[in-house]
Amino acid sequence: MSRHDGAARPPGQPEQPLPAARDASMPVPSTKPPRRRRVVLAESRGKGGTARARTIVELEEQTSVGEKLVRDLIKQQLRTALGLAGLVLLLLGWMPVAFYLVPALSEARLFGVPLPWLLMGLVPFPLLYAAGYWYRRKAEHHERDFVNMVDR
Amino acid sequence: MIENLWSLTGVLCVAGLTFLLGFVGSRRANTTPDFLVARRAIPTSRNAAAISGEYLSAASFLGVAGLVLKDGADALWFPIGFTAGYLALMLFVAAPLRRSGAYTLPDFAEARLGSTTLRHFCTFFVVCIGVLYLVPQLQSAGLTLTTITGLPGWIGGVVVIVVVVVNVLGGGMRAITLVQAFQYWGKLFAIAAPTFVLFAVFLSNPSNGSRPLTDEGAPRFTETARVVLQEPVVLDVHEPTRLEATGTVEGSPVDGPVYWAPGRTYRVGTGTELVFAPGTPVPVVDGSPSTNAEWLRAENDGLSGMFETYSLIFATFLGTMGLPHVLVRFYTNPDGRAARRTAMHVIYLLGLFYVFPLILGVLSREYLPRLLVHGRTDAAVLLLPGEMLPNVFGQILGAIVAAGAFAAFLSTSSGLVVSVAGVVSTDLLPGKVRDFRWATLFTGAVAIGLALLLPRSDASLTVAVSFALAASTFCPLLVLGIWWRKLTWVGAVWGLCVGGGLVLSALVVNVVSSFTGDWAPDVLLQPALITVPIAFATMIAVSRATARRLPEDVNTILLRLHAPDPLGFIQDRDVQRFGTAEERASQGRRRSR
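From first to last, the protein sequence lines stand for chains A and B.
Mapping of the first sequence onto this note's numbering: position 66 corresponds to residue 66, and the numbering continues sequentially without gaps.
Mapping of the second sequence onto this note's numbering: position 197 corresponds to residue 197, and the numbering continues sequentially without gaps.
Treat the hints as calculated values from the structure; they're not laboratory data.
Simulated pairs of lysine-lysine, PhoX-like, Cα-Cα distance not exceeding 25 Å: (1) 138(A) with 75(A); (2) 486(B) with 75(A); (3) 138(A) with 68(A); (4) 68(A) with 486(B).
Some chain A residues near chain B, calculated using beta-carbon distances under 7 Å: (5) 67; (6) 70; (7) 114; (8) 116; (9) 120; (10) 121; (11) 125; (12) 129; (13) 131; (14) 135; (15) 146.
To be clear about the criterion: a stretch of chain A counts as covered by chain B if any three or more of its residues have a C-beta under 8 Å from a C-beta of chain B, and this derived list gives those stretches: (16) 72-78; (17) 93-101.
Note that the Cβ used here is the ideal one computed from N, Cα and C, for glycine as well.
Okay, chain A solo, but in the shape it has when bound (with noise of 0.2 Å):
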């Protein structure tokens, strides 16, 4: 959709915004050009100095040690996102099956609703949502560790 973003402009609208539309939407002072700002993104940071950039060089420059770091969080994460994958089919996967095999189960009730439809209709969606919730703590938790390790 980059490129033609502009195309969903009505017609009539000019390329480039307009001065007074662009001071609307980029609340940057006149004086300094907003390009400045993309140089200093690891500002917010904090202290650190120059150690922390030397290892944000590495993994840049892509030295074997940036390379490992790297090969070691992606390896982190893919582990994470397929267990969790993988529990989750498991977790709804047996019931066809289970269902097929043994049809009694499809009989059983609780509370007088039956068994396919609990199982079926109201515990994937909890059980979804907590596998997202899990993963975001995870993922969340190995870049955090990573981004310490990189600025130590």
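Keeping the supplied structure of chain A fixed, place chain B upon it in accordance with the hints.
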């Protein structure tokens, strides 16, 4: 007739509101920074509501309840799969894809593997998936309009595509996250309010003459039902049935009372009118459970039914990540972490939504058995309020549901048209504003053409085919592209062609078979369980064989995809141009003080 007027007003309101919001929105949000960055400061919850609003299509709004009415417990896999897809998207794709800075799948493919050939193949499949997803939306719009006004089916589809195309040409709709977020809450209201009311009606008066669903036998009509068949059907008769028929049954003309023997199927021709007296058992379209006992049970279609269920789980779980209109929306997240949180929130919002169609589906089994006769169960949600509450409240609820359904068609269709037209105009045409407009017209024309040409089936089933296509093409490309260093563009192209080719041929065979007497095996209806592993295997095998084509900058790219956001490797055209979300947010706060 009053009822139709109410519903029609609801539909017209939605169409009018869409135009208005599109118009206002296009005036408010039309500069590049607006499009790219203004929404970067949007809270995760609103972004998630916008994604859900665009995602909840006809298949969710009408289709789920319809399939629950018809197929019972097995249909519960549809809402599960539609939601679980976001878990897969969150686990494997959301954050890295967001960090890649790609807006669309072809963008991602080219950035990751550096091949324009691959890009073109991706474009082709984006168009296929988008158009396939559009077809059931337009067909359901036709069904909705036919149900509430009796107008011929093609008008609804044409109305929707015209509103969408005009709106997209005018520059509205897509540009505004707020509208899509509003759409989610609107749709939730439109399905939740009737559910609460109708459920209360059901509880206060559980025996309206109908037998409870716990009754083992076939469902029965509670009042005289008159069913006119719009297309030929095969009916499965479970109990001895006496009815009056006018038209053709089993190829010979009938006019008057007939007796149908149990345990047989009857072929009934188009235009036949069937009249059932109260208490008559309901004959059910062949292929659906014919008794309530069977309906309550899961998995009673034997091995092929189980294959279909697993195939559906596979397709929806892995297909969501490849839907063009879903992925684009993730770009409005400020960074990878926010993309992940958005996906999690979407799971919550979808889970909340799907409770209601389930309840409505069960209720319609009790109150709308006549839909089982012609099998057009997608109309259940629309008809239920009027059936259960034959007074002005029922009419108002019916109007709310109809309006919600139209909102569903409009939001999903416009999301799809914008993403498909966007991809077509940049990749196949020079990418100017005028090209985007032509591409929009082209997409709309192809979609409506197919919608009128192809035989109508249940929205959820048709949508499941595009999930299968997405799961067999873009899922392997994204997952391997993000997590596997050794993917080459040649491998990706082969994987796309084999996976996508198989699903598309299954689709063609199905369509041909539906015109020539339904001979195609059931496996072809939902082939994902076979095609997805084949696509993965092809991509891996060919990539290994062409290892020398490995892109040189693979390490840099993977670093960018996976490095945590605070390190600042995220590559964004607009972060460079306009600053990061945090900076903008803090500036905004400062300014408003």
